Amino acid sequence: MKKFLVAGSLVALSMALAQQNAKTEIQFWHSMGGVLGERVEGLVKEFNDSQTVTTVKSTYVGSYDDGINKLLAGIRAGKVPNLIQVYDIGSRTMVDSGAIEPLENIAKANNFDIDQFVPQPRNYYTVDGKLNAMPFNSSNPLLYMNTAMLAKAGIPYRNSWRLSDLEAAARKLTIKDASGATLRYGIAIPIDSWFVEQFSYNSGEYFCNNENGRKARASEMNFTNPADVAFVDWWARMVKDGVMANIGRSGDNAQAAFAQEKAAIVAQSTASLTGLLKLVGGKFETRTAFFPYLKERNGVAIGGASLYAMKGQSADELKSTWGFISFLLKPNSQAKWHLGTGYFPVIKGVAQLPNVVQAHVKQPNFETALRQLETTKVNNYSAGCLAGAFPEIRQYVAGAIEEAIKGKPAAEALRDAKVKADAALDRYNSAIKK
Amino acid sequence: MNQSASSQTPASVAPQGSRLKHLKGEWLEGLLLLSPAVILLLSFIVYPTISGAVLSFQREDPFGKSREWAGFANYLELASRPEFLASMFTTLKFTLLVAPLELLLGLIAALLVWRPFAGSNFFRTLFFLTTAVPTSVAAVAWGWFLNPLSGWANWIVRALGLPVQPWLTDPSYAIWTLGVITAWAGVGFVAILLTAGLQGIPEDLYEAARLDGATAWVQFWKITLPLLSPTLFLVGLLTLFRSLTAFGQIHLLTKGGPAESTFVWVYRVYQDAFFNFRFTYAAAEGLTLFLALLLLAALQFRFFGRKVHYE
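Residue numbers (the numbering used here), protein chains in the order written: chain S, 1 to 434; chain V, 1 to 311.
In case anyone wonders, no lab produced these hints; they're calculated from the structure. Be careful, since some hints might not be right.
[To be verified] With a Cα cut of at most 25 Å, we get these calculated SDA-like pairs of lysine to any residue:
(1) LYS311(S) x ARG67(V)
(2) LYS65(V) x LYS330(S)
(3) LYS176(S) x TRP152(V)
[Claimed, not checked] Estimated spans, in silico, between C-beta atoms of each pair:
(4) ALA132(V) x GLY34(S): 51 to 61 Å
(5) SER219(S) x TRP69(V): 47 to 57 Å
(6) GLY349(S) x LYS93(V): 51 to 61 Å
(7) GLY34(S) x THR245(V): 27 to 37 Å
(8) ALA297(V) x VAL35(S): 25 to 35 Å
(9) ALA132(V) x LYS108(S): 53 to 63 Å
(10) GLN363(S) x SER51(V): 24 to 34 Å
(11) ALA359(S) x ARG67(V): 26 to 36 Å
(12) ALA359(S) x PRO134(V): 40 to 50 Å
(13) ALA77(S) x GLU26(V): 39 to 49 Å
(14) ALA209(V) x SER63(S): 34 to 44 Å
(15) ALA132(V) x LYS215(S): 31 to 41 Å
(16) ALA159(V) x ARG237(S): 49 to 59 Å
(17) ALA118(V) x GLY407(S): 47 to 57 Å
If you're wondering where the values come from, they're calculated on a predicted model, not measured in any experiment. Note that beta-carbon positions come from the ideal geometry of N, C-alpha and C, so glycine has one too.
Hey, can you work out the whole structure from these sequences and the hints?
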């Protein structure tokens with residue numbers, strides 16, 4: 001009897017092992033930390049538990065910069081994951097690497113109609129006429145507003161803000177002491193090129209030439225456009241007048257300022273929604289609004305990141321990689337991801353699902369990002385700038401904001417930054433051509 | 001004669017041969033004992049330095065494809081870019097603040113605690129604590145402390161009736177703030193080494209000086225400082241290199257900003273390599289930094305090394 005049991009359990013064990021071996025393992029690198037990381041791991045686990053063919057091994061590889069850096073090292077060493085999350089501004093580099101399998105090819109091979117994608121994110125990740133990546137965590141910049149402070153100052157909430165209206169509101173919301181020192185700021189925006197980029201798009205300007213690098217490879221930056229000069233000038237003026245808090249480059253500082261009621265309005269990504277609401281913890285009512293514009297609102301580009309399938313996978317691996325991607329694209333996963341994070345769904349029709357609609361009624365802030373997206377014109381402004389050396393270029397733009405705050409005229413600060421940025425772009429483009 | 005010589009030879013050769021064998025064995029043993037250090041040094045210091053030097057004369061795309069020889073192109077670019085010169089200047093400014101401050105504060109701390117008194121161990125531990133805290137933890141804590149809106153630093157300043165300060169957000173402040181943070185982190189290390197140095201000074205010298213009626217001030221200048229000079233020299237060299245290669249706190253607190261005001265040399269190497277993906281150019285920057293450090297060390301040995309007083 002005992003022998004029989006032992007033999008039986010051995011058989012069971014070997015069967016379990018065989019099953020284990022039959023599963024295809026794919027490596028997935030992502031850069032989602034904190035709450036967002038928990039949500040990603042949740043989806044991975046759900047996928048792994050839902051079928052017996054594929055095991056997704058997910059690894060948090062640090063920030064977006066760390067991730068793409070690790071990937072480039074991997075390309076050199078010939079060791080890359082099957083699937084990797086890369087930030088929006090890495091798009092040009094990823095396509096130029098020649099190391100990716102364009103998503104459109106994989107989707108076609110699996111009879112997936114890419115018209116199911118929401119047009120704006122699809123537009124962003126379409127490079128040289130091809131959708132290269134799966135838009136995954138797509139975000140927009142938003143204004144987060146403390147409605148209690150707004151009401152007290154007699155400012156009615158609305159979702160669309162011209163820059164001049166936002167300035168008037170921020171001035172009204174600012175509280176100073178007798179000596180003129182600011183006790184409460186009207187607004188806080190972390191020093192980040194992303195907001196300058198979005199202001200271009202939203203005001204109907206290109207951030208780089210050749211229509212945001214969409215008609216042909218971008219060879220020059222265009223952030224000296226009138227909208228950006230006005231925006232950076234506005235920024236510096238607001239800081240000088242003690243209306244905007246200069247909280248440095250950290251988004252965390254902006255969120256802290258908002259949660260601690262030291263700033264009435266902050267600009268942050270939709271991705272911060274869940275985290276920020278948690279930070280506020282119901283102390284006051286928070287409403288989100290669209291990102292500001294100069295004269296006429298065009299709509300913003302998406303930010304966030306997308307997933308790239310890497311080249312050189314075996315047929316089994318590619319099938320498994322697609323299996324995971326198509327799981328993430330299922331309406332159910334999309335809804336879960338959207339409501340769990342604040343990123344918006346990238347598949348059409350998800351916003352109309354009953355559970356999503358219901359959640360939006362309960363928490364209208366989730367809807368703002370979607371409304372902003374839906375009302376965005378689909379054109380090359382909102383497609384967003386596609387350029388190489390983008391991370392480096394962003395550093396120069398952030399530097400220009402800081403120079404302007406220090407006292408340099410905005411136009412001059414941006415012009416100086418453009419010289420450096422164009423040189424960086426030039427270096428990138430000439431290195432790629434070889 | 002012949003016989004005696006032949007009879008002598010085997011007798012004298014035998015011990016010589018065994019000594020040679022013995023020596024050879026010792027040599028082998030020594031090599032064996034040294035090998036872990038030598039292998040580590042070769043593979044982690046010598047090899048990367050050489051391959052970095054080779055890389056600095058090449059050119060490639062961000063993906064490591066199409067690597068080719070480029071002669072001095074990277075070095076010429078380096079010389080032609082104002083950013084690089086600005087970084088050198090920033091590094092110099094930073095070092096001129098950090099190294100003397102760290103040395104001075106460390107010396108004061110060491111002078112306070114080197115003689116045992118009730119609680120001296122407590123204070124020694126306290127001083128060393130800042131060195132025991134990992135850079136990343138310290139940087140995050142400093143970030144909170146200096147937060148422009150909610151940090152304690154500005155809360156204290158405000159309580160004193162002074163205007164709040166943009167510690168890390170103003171380009172003319174940030175480098176000094178980082179300097180103080182860096183010095184703060186290094187004081188403990190300096191204090192420990194100097195305490196050891198102070199304890200090595202023979203007590204009888206002080207006794208003799210006291211008998212001769214020397215004041216504490218004279219004792220410090222005539223005994224303490226000269227006899228501490230070997231340690232001071234070593235510690236000075238270490239603090240200099242530490243401040244020239246400061247990285248963690250800059251990466252975590254300012255990332256070279258605001259307006260590139262804290263873009264020190266090391267940080268530029270890092271950015272160009274791992275952020276801008278220009279490894280060959282970054283290799284040229286790194287190698288230039290390495291040569292500059294080497295030159296600085298040589299100069300220090302030349303000018304201060306001689307003045308050092310060894311008992």
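Hints, one by one, checked against the model:
| no. | hint | verdict |
| --- | --- | --- |
| 1 | LYS311(S) x ARG67(V) | 21 Å, holds |
| 2 | LYS65(V) x LYS330(S) | 38 Å, violated |
| 3 | LYS176(S) x TRP152(V) | 20 Å, holds |
| 4 | ALA132(V) x GLY34(S): 51 to 61 Å | 28 Å, violated |
| 5 | SER219(S) x TRP69(V): 47 to 57 Å | 27 Å, violated |
| 6 | GLY349(S) x LYS93(V): 51 to 61 Å | 58 Å, holds |
| 7 | GLY34(S) x THR245(V): 27 to 37 Å | 31 Å, holds |
| 8 | ALA297(V) x VAL35(S): 25 to 35 Å | 48 Å, violated |
| 9 | ALA132(V) x LYS108(S): 53 to 63 Å | 58 Å, holds |
| 10 | GLN363(S) x SER51(V): 24 to 34 Å | 55 Å, violated |
| 11 | ALA359(S) x ARG67(V): 26 to 36 Å | 52 Å, violated |
| 12 | ALA359(S) x PRO134(V): 40 to 50 Å | 42 Å, holds |
| 13 | ALA77(S) x GLU26(V): 39 to 49 Å | 43 Å, holds |
| 14 | ALA209(V) x SER63(S): 34 to 44 Å | 59 Å, violated |
| 15 | ALA132(V) x LYS215(S): 31 to 41 Å | 57 Å, violated |
| 16 | ALA159(V) x ARG237(S): 49 to 59 Å | 30 Å, violated |
| 17 | ALA118(V) x GLY407(S): 47 to 57 Å | 54 Å, holds |
In summary, the numbered hints that this structure violates are 2, 4, 5, 8, 10, 11, 14, 15, 16.
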